[in-house]
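> These protein sequence lines map, in sequence, to chains A and B. Number 136 in the working numbering belongs to position 136 of the first sequence; there are no gaps in the numbering. Number 60 in the working numbering belongs to position 60 of the second sequence; there are no gaps in the numbering.
In short, the hints are calculated from the structure, not lab data. Ideal placement from N, C-alpha and C gives every residue a C-beta, glycine not left out. Keep in mind that the hints are not guaranteed to be accurate.
Between beta-carbon pairs, the in silico distance windows are [to be verified]:
no.	chain 1	residue 1	chain 2	residue 2	range
1	A	N55	B	R242	38 to 44 Å
2	A	R164	B	G195	48 to 54 Å
3	B	L262	A	S27	28 to 34 Å
4	A	K26	B	P19	24 to 30 Å
5	A	G160	B	R54	47 to 53 Å
6	B	G195	A	T103	44 to 50 Å
7	B	P19	A	S170	49 to 55 Å
8	B	G67	A	N55	37 to 43 Å
9	A	K26	B	L324	19 to 25 Å
10	A	S27	B	L62	35 to 41 Å
11	B	A144	A	H134	39 to 45 Å
12	B	K108	A	R25	46 to 52 Å
13	A	R156	B	E156	21 to 27 Å
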Amino acid sequence: MSEPCEICGCHPARIQVTEIRDGRRKSLHLCGFCAAGWGIRASLDGGQAPEALWNAFLSVQAKDAEESSSLACPRCKRTFMSFERSGRLGCPECYQTFQGDMTRILREYHGASEHRGKVPFRARRRIQLRQRLHRSRAALQQAISEERFEDAARFRDEVGDLEREIERLSREGS
Amino acid sequence: MSLPPPLAADLDRWMLEVPADSGVSSSRLRLARNLAEPFPGLMDSEEKKELRGRLIEALAGLTSFRGASFLNLEELALHERAYLMERGILGEESLLSPEGRGLVLDEKGWCSVLVGGEDHLRIQCMRPGLDLETCYTSADSLEAEMEEVFDFAFSESFGYLTACPSNAGTGLRASVLLQLPALAMGEDFPRVLRGMGALGLAVRGAFGEGGGAPGGFIQLSNARCLGVAEQDLVEGLHEAARKLLSFEEKARDRALREAQSLLDDQVARARGQLEYAQIMGASEAIALLGTLRMGHLAGLADRPGLEALQKALTLVRPGHLQMLEGLSLIHI
Numbered sequence: 001m002s003e004p005c006e007i008c009g010c011h012p013a014r015i016q017v018t019e020i021r022d023g024r025r026k027s028l029h030l031c032g033f034c035a036a037g038w039g040i041r042a043s044l045d046g047g048q049a050p051e052a053l054w055n056a057f058l059s060v061q062a063k064d065a066e067e068s069s070s071l072a073c074p075r076c077k078r079t080f081m082s083f084e085r086s087g088r089l090g091c092p093e094c095y096q097t098f099q100g101d102m103t104r105i106l107r108e109y110h111g112a113s114e115h116r117g118k119v120p121f122r123a124r125r126r127i128q129l130r131q132r133l134h135r136s137r138a139a140l141q142q143a144i145s146e147e148r149f150e151d152a153a154r155f156r157d158e159v160g161d162l163e164r165e166i167e168r169l170s171r172e173g174s
Numbered sequence: 001m002s003l004p005p006p007l008a009a010d011l012d013r014w015m016l017e018v019p020a021d022s023g024v025s026s027s028r029l030r031l032a033r034n035l036a037e038p039f040p041g042l043m044d045s046e047e048k049k050e051l052r053g054r055l056i057e058a059l060a061g062l063t064s065f066r067g068a069s070f071l072n073l074e075e076l077a078l079h080e081r082a083y084l085m086e087r088g089i090l091g092e093e094s095l096l097s098p099e100g101r102g103l104v105l106d107e108k109g110w111c112s113v114l115v116g117g118e119d120h121l122r123i124q125c126m127r128p129g130l131d132l133e134t135c136y137t138s139a140d141s142l143e144a145e146m147e148e149v150f151d152f153a154f155s156e157s158f159g160y161l162t163a164c165p166s167n168a169g170t171g172l173r174a175s176v177l178l179q180l181p182a183l184a185m186g187e188d189f190p191r192v193l194r195g196m197g198a199l200g201l202a203v204r205g206a207f208g209e210g211g212g213a214p215g216g217f218i219q220l221s222n223a224r225c226l227g228v229a230e231q232d233l234v235e236g237l238h239e240a241a242r243k244l245l246s247f248e249e250k251a252r253d254r255a256l257r258e259a260q261s262l263l264d265d266q267v268a269r270a271r272g273q274l275e276y277a278q279i280m281g282a283s284e285a286i287a288l289l290g291t292l293r294m295g296h297l298a299g300l301a302d303r304p305g306l307e308a309l310q311k312a313l314t315l316v317r318p319g320h321l322q323m324l325e326g327l328s329l330i331h332i
């Protein structure tokens with residue numbers, strides 16, 4: 001591309017921009033200055049934009065994937081390999097499908113794989129109940145190991161109640 | 001379809017709400033949210049339009065969007081999208097691939113929801129100057145209202161689920177646009193930026209090509225957003241921005257002490273070129289205006305005034321220029 005830039009006409013065009021409008025394609029050849037003015041990064045070295053960081057990160061990390069390499073998401077049919085290529089998942093369920101590798105990738109990128117912070121209103125009740133269930137189960141095990149059978153019976157009932165309540169909420173889709 | 005008149009006429013007013021001597025032009029924060037269905041990236045054009053229709057209809061019923069504009073991006077002219085991108089309302093993807101994307105924009109253009117981009121919904125709020133706190137409060141209350149009509153995809157361990165795992169967790173990306181011309185001239189600049197990286201923050205030149213930062217304009221944002229609560233992400237970025245501003249002041253004082261004649265020369269050259277050049281690209285103009293602005297803050301120049309410089313820094317960009325002239329320089 002040694003033609004002059006189609007915006008300024010001063011510098012040689014280095015970047016091709018294609019816009020598709022009403023099914024018609026139109027290409028523009030722009031110089032680095034003008035392309036940058038349009039917000040299009042003029043080189044592969046896009047500074048440290050978050051997107052560039054992610055792409056650079058992924059090109060090293062995802063190749064280690066073993067667990068998910070043969071899996072496809074039952075919901076959207078995307079494979080883990082297509083995620084490795086594009087850096088994007090197909091649907092929210094992909095996180096569940098590729099859970100092992102996603103946990104590893106998220107931990108390596110974010111430095112954590114457990115969410116902290118806001119929880120959707122609808123999920124809040126279910127999550128609180130799960131946390132209580134988790135605590136009651138632990139208390140039940142503790143009571144059994146210490147042969148406190150009356151306590152154990154109480155915790156067992158509590159666990160049953162919580163499981164039923166969570167099941168009910170899941171059925172209602174909240 | 002074209003931009004609503006208030007927004008189209010509001011070319012530089014928003015920029016003038018920034019205190020003229022502030023080193024921070026604007027603060028921005030977005031929350032990425034999805035529904036429990038395939039992400040837009042998997043959809044063809046028709047499916048995207050169907051999704052957009054459905055989501056926009058739900059959003060139109062919300063109190064927060066009374067009086068808002070509902071735009072189909074492919075129906076806007078390229079220069080209108082460029083203008084919205086320069087204002088930080090749209091990203092590069094929406095400039096170049098607008099098909100099937102929708103934008104809900106409140107009257108002043110401070111809060112918006114992008115529909116059918118990489119994620120189903122992206123809530124975004126902006127403020128002039130350094131004010132991430134207000135950005136978060138606004139985005140958070142908008143999201144609370146949206147929860148009444150949408151069931152967001154969420155996992156207890158991974159948080160809000162997004163098309164790109166780099167956005168999973170809080171789905172929050174906050175950013176500030178800073179001007180650090182004196183710091184950018186110094187040898188320490190790359191080291192300072194690497195330091196930001198170590199804090200989980202990403203830095204890039206705001207208007208430059210490649211890694212350049214003409215005028216010392218940089219955009220600082222959080223690169224990580226899982227495992228840290230929203231408030232902590234916001235506070236972390238706020239602190240980092242304040243730190244960079246204090247580094248900038250020190251760098252300016254040092255340059256004045258140690259190399260005033262060099263600084264004088266640069267400011268005079270910038271003014272000369274701005275005054276006499278006949279043809280100039282946006283990046284070059286921004287770099288020169290940035291230098292002149294620094295000269296102003298350092299007491300080396302007094303004309304044009306800071307407000308005029310601020311205004312010029314906004315208006316020299318291609319989308320703004322075309323909006324100002326009411327014509328599209330690129331015909332597709």
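> Indicate, hint by hint, whether the structure satisfies it.
Outcome of the hint check:
1. N55/A / R242/B: 38 to 44 Å: violated, 30 Å
2. R164/A / G195/B: 48 to 54 Å: For R164/A and G195/B the Cβ distance comes to about 53 Å; the hint holds.
3. L262/B / S27/A: 28 to 34 Å: violated, 44 Å
4. K26/A / P19/B: 24 to 30 Å: violated, 42 Å
5. G160/A / R54/B: 47 to 53 Å: Distance hint for G160/A, R54/B is violated at roughly 40 Å.
6. G195/B / T103/A: 44 to 50 Å: violated, 29 Å
7. P19/B / S170/A: 49 to 55 Å: holds, 52 Å
8. G67/B / N55/A: 37 to 43 Å: holds, 39 Å
9. K26/A / L324/B: 19 to 25 Å: With Cβ atoms ~24 Å apart, the hint holds.
10. S27/A / L62/B: 35 to 41 Å: Holds, since S27/A and L62/B (Cβ atoms, about 40 Å apart) stay within the stated range.
11. A144/B / H134/A: 39 to 45 Å: Cβ of A144/B to Cβ of H134/A: about 27 Å, so the range 39 to 45 Å is violated.
12. K108/B / R25/A: 46 to 52 Å: This hint is violated: roughly 36 Å between Cβ atoms.
13. R156/A / E156/B: 21 to 27 Å: holds, 24 Å
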